[in-house]
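Using the hints provided, position chain E relative to the given structure of chain W.
Here's the letter readout for the chains.
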Amino acid sequence: MEKIVCVLCPMGCKIKYNAVDGKIISLEGNRCPRGVSYLEDELREPKRIVPTSVRVINGEMPLVSVKTSKPIPRRLISQFMQTVKNVKVEAPVRVGDVIIKNVLETGADVIATRTVKRVNSA
Amino acid sequence: MKTDVLVIGAGAAGMGAAIAAAKRGLNVVIAERDEITGGILNQCIHNGFGLHYFREELTGPEYAERFREQLEKLSDRIKVFTDCHVLKLGEDRKALLVSPKGILELEAKAVVYTSGARERPFGSLMIPGDRPSGIFTAGVAQRLMNIDNRKVGHRALIVGSGDIGMIMARRLTLEGTEVVAVVERLPYPGGLLRNVIQCLKDFNIPLYLSSTVIEVKGRERLEEVVIANVDEQFKPIPGTERSFKVDTLILSVGLIPQVEMLDGLVQTDRRTKGVACSNIGQSSREWIFAAGNCTAIFDLVDYVTKEGERAGEYASRYAMGERFSQNVPISPGENVMLTFPNFYNAVDDLTLYVRCKKPMEKAMLKVGNFEKIFEDLIPSEMIVAKIPNQKLSGLDRIVVELKEV
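Protein sequence lines correspond, in order, to chains W and E. Residues in the first sequence are numbered from 1 upward in steps of one, following the working numbering. Residues in the second sequence are numbered from 123 upward in steps of one, following the working numbering.
These are calculated hints, taken from the structure and not from any lab test. For every residue, glycine included, the Cβ atom is placed at its ideal position computed from N, Cα and C. Some hints could be false.
Estimated spans, in silico, between C-beta atoms of each pair [claimed, not checked]:
1) E:L196 / W:D21: 30 to 36 Å
2) E:G251 / W:D21: 31 to 37 Å
3) W:R55 / E:N511: 50 to 56 Å
4) W:K14 / E:R343: 27 to 33 Å
5) E:D324 / W:E60: 31 to 37 Å
6) W:D21 / E:P243: 51 to 57 Å
7) W:P92 / E:Q389: 45 to 51 Å
8) E:V469 / W:N86: 39 to 45 Å
9) E:G376 / W:K14: 24 to 30 Å
Bound-form chain W, shown alone:
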């Protein structure tokens, strides 16, 4: 049996599995169904949620923290960071606001994870 650690949450379930040609034959150790889809993704196309931040104009702070609304393919992470780097948003921003829709055609949105109030620019 192969062993893999699910990274979807801090429980960090250690999943044991058998797979043939990328198809799961049997698995054990996952404490929730998300472990199954995590393993399927790992065998086919590893995906990650990416937390980072985006520039804010006229905000009370220079950055608003963001994350992808769902995991995106790991191979796209550096391209994702380049995209995010060039984005600026105008304050105010509310937690949950969509900053970029369907980023890199992944089906995931980039959403704000913090509220940033507006300060009036002089």
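Showing chain E alone in chain W's frame:
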């Protein structure tokens, strides 16, 4: 000015304590030295928070915001003072608060102390060599990057493979700082396995186990860091030196509970180095309660919130006149590095936090008449057990043991 409960610190523990106290109908003042509430959560923009508490996975700022909203909803009972330092807390239950608005003397019936922890500083590591710029603790680097939008350097080496060190390895990499290595003194990683995967393996960042930094070199700015393998006593092994040309050294080498304000007022625990508390958060001074990383260093913020809420609840009950009886001391036994809380009071069940001494495949936790088996134990992952009252009745001393099975 007078209040029922004064909460010192508005991080995860402090917000939990203030909300719990206000929900019991008491008046609360919460004093926070930063400009906003939320504490260190605000700079922890990565996900992984809230799974136990909210049953969903949040980033630090999202987790903080949920509690901030509750503070606002309870604003008729909770006064939040930000940018506010507590200069002094006296035996007379009077606190001296100072902020840009001036000085305020506040008298409280009970205090909940939730000051969190400090990072172990570079000076305490006794590393030979120069003292150039370019050396940061992980938390400072995190604040610079995630709050102030500053890049800390171009090529970095990280000391310590705790969760904070590994998360910063990923963060620096994403923001274009090359991380050449993470160096860990122990023979196993210090943090969660999920972080070894998603923070190091995903980005091909090498992890050097059983290794330590033996010299830093540089004139103005850091230029070079030398590492070496260590033996079982953590002594560098000659001939194993390896040099890295880096301009940045990030330290993630542990947190120390911040207890200075309570010097002379309460007992601290020799092992946790935090405020010694019972399972209801009460310290050795009956009107001072404490919770969170100033009592012991917790793995998950969810636990800190729970402990904060419990301390807030019992501080409120104390403020309303209830008194709590004798405490039973809890001490670590076989294979146990440390335990929290330090005392047990039968007024509530015992939520026990345990760190094992060494990695173990399978072990039986024994506490009084309570037994439970845990698997895949490592010192960096806290074991949490909820132990009902009846399993502990009649004991005058509680020893926590982990027996390998």
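Contradicted hints - numbers only: 1, 2, 4, 8
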